[in-house]
Amino acid sequence: MLHLPTILRILGFMSAFYGAAMALPWAYGRLAGEEAAGIGLAAACALGLGLILLVTMPRERREVSHREGFLIVTLTWLLAAGLGALPYLFTGTLHSVTDAFFEAMSGFTTTGSTVLSGLDRMPRSILLWRSLTQWLGGMGMILLSIAILPLLGVGGMQLFKAETPGPVTDKLRPRVRDTAARLWGIYATLTLAEVVCLKLAGVPLYDAVCHSLTTLPGGGFSTHDASIAYFHSAAVEAIVTVFMLAGGINFVLYYAAATGRWRTVLRDSELRFFALVFAGACALVVVNLRLTTYGGWAEAVRYGVFQVATCISTTGFATADYERWSHLPQVILITAMVTGAMAGSTSGALKEMRILVLLKRAGLQLRQLVHPHAVVRVHISGRAVDPEIVHGVWGFFFLYMLVLSIASMLLASLGLDYVTSVTAVITTMGNVGPGLGLVGPSETFAALPAAAKWVLSGCMLLGRLEIYTVLVLFLPEFWRR
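Per my numbering, the sequence shown starts with residue -7, numbered consecutively.
By construction, these hints were calculated from the structure, which means they are not laboratory data.
No residue lacks a Cβ here, since even glycine has one placed at the ideal position from N, Cα and C.
Keep in mind that a hint or two might mislead.
[Said to hold, decoys possible] With beta-carbon atoms standing in for the labels, derived distance ranges: (1) R113 x F466: 39 to 49 Å; (2) A439 x M393: 22 to 32 Å; (3) R316 x M(-7): 50 to 60 Å.
[To be verified] Under the rule of at most 25 Å between Cα atoms (straight-line distance), these lysine to any residue pairs were calculated in the SDA-like manner: (4) K191 x A172; (5) K191 x A227; (6) K352 x V257; (7) K191 x R22; (8) K191 x V293.
Put together the whole structure using the sequences plus the hints.
Here's what the structure looks like:
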């Protein structure tokens, strides 16, 4: 049975945490001489709600059940989007609840789709909050990967654990709190490293901090309308590319590397597959751009590699309007938005591990046509994968495509064209950011109908929480004793 006081107490803690996080851009705004009263009021509301729940709900020492975990995670992200919308509303940055909720949901799910324009003229405090929502969302995704998603049995971290028994998983302490602290330490260290690198490349400190907060979590929010192209720097683009890809790698592998277990890292099948897919996509895009769009190889490599990296890591930064490119690069980029990067990373979309399992299972299916009586199992790095996990991956893939299809039809029913409808859903479910058509890299989502924004907000949540975490709440038996 669900224990309501425990759930509300945890939500109270999270509300207070969000309020404390809002205090950072409020303090920055005051120091910078900006009018930051709206952010301060939002922080007070979040802190007040949190304190009320913490004080009124009884404190009990008990383990949170699996069912409570699913409910808490979904409610936490909804709470984050609801409270995260307040700074936009209270400062007058956005005047519509729909737009403010969309922007906040996009931030906390590290999607990067936006309804805002004129970023270069906006108060720095609100842009700092906008960047901070994505960094906090990335932290939440790391915790989700180790605490909740393994319970779903739909691939991902269970496959990693099955593939790397013993040293790595033993070193990562079994308590979620200890494991999360270690991985968050790596997350913060990489973020700080990017700040330093961008500063050395000539980026102002404020921009370096804000873009570092949105790169590693695969967010894509920028402080400028032109995104990374604003800096007109190949060095900056190269740094951001490296850290986008870094955010797309399983964070447990960083711990393995930090403890000297490089063989485990180099033998990881998903990492090798991710590198192969990225390299292949880059090669196809770069060659096509050289033949059809750019006059030299340097330009083709510079813009092609960056856009492949930003799509496959589901970050969403832009240095070129790829809607002006030929069709082949567009198809490759959209495909990258669907596949995503590695399980256990901050990336969204399907994840490379699931794609690898599906490909191996399809190959075995072909072999069984030749040898119908053979008993075959999917193997990753020489180890057999539990058939239940393979079935779970198939189920997840089907649900992902089903939700994508239904949401696309809903947008089309609202009068949006086919390209906009499909790519808007792909980019929000994959937590990428821009798509094509009315939501291309040089556009925003502001022109979409309010109903479409609510549908896409739901897609962001479903994509970030890997569908099952949310849909399980709609089962009648979930609420029974």
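Now the hints, each set against the structure:
1. In this structure the supplied range 39 to 49 Å holds for R113 paired with F466, their Cβ-Cβ distance being about 43 Å.
2. The hinted range of 22 to 32 Å is satisfied by A439 and M393, whose Cβ atoms lie roughly 27 Å apart.
3. Distance hint check for R316 and M(-7): the Cβ-Cβ separation is about 57 Å, which falls inside the suggested range of 50 to 60 Å.
4. For the given pair, K191 sits about 28 Å from A172 by alpha-carbon distance, which is inconsistent with the 25 Å threshold.
5. About 11 Å separates the Cα atoms of K191 and A227, which keeps this hinted pair within 25 Å; it holds.
6. For the hint linking K352 to V257, the alpha-carbon distance of about 21 Å falls within 25 Å, and the restraint holds.
7. Distance restraint check for K191 and R22: the Cα-Cα separation of roughly 24 Å lies within the 25 Å cut-off, and the hinted pair is therefore satisfied.
8. Between K191 and V293, the direct Cα distance comes to roughly 24 Å. Compliance with the 25 Å bound is thereby established for this hinted pair.
In summary, the structure is inconsistent with hint 4 from the numbered list given earlier, while agreeing with all the others.
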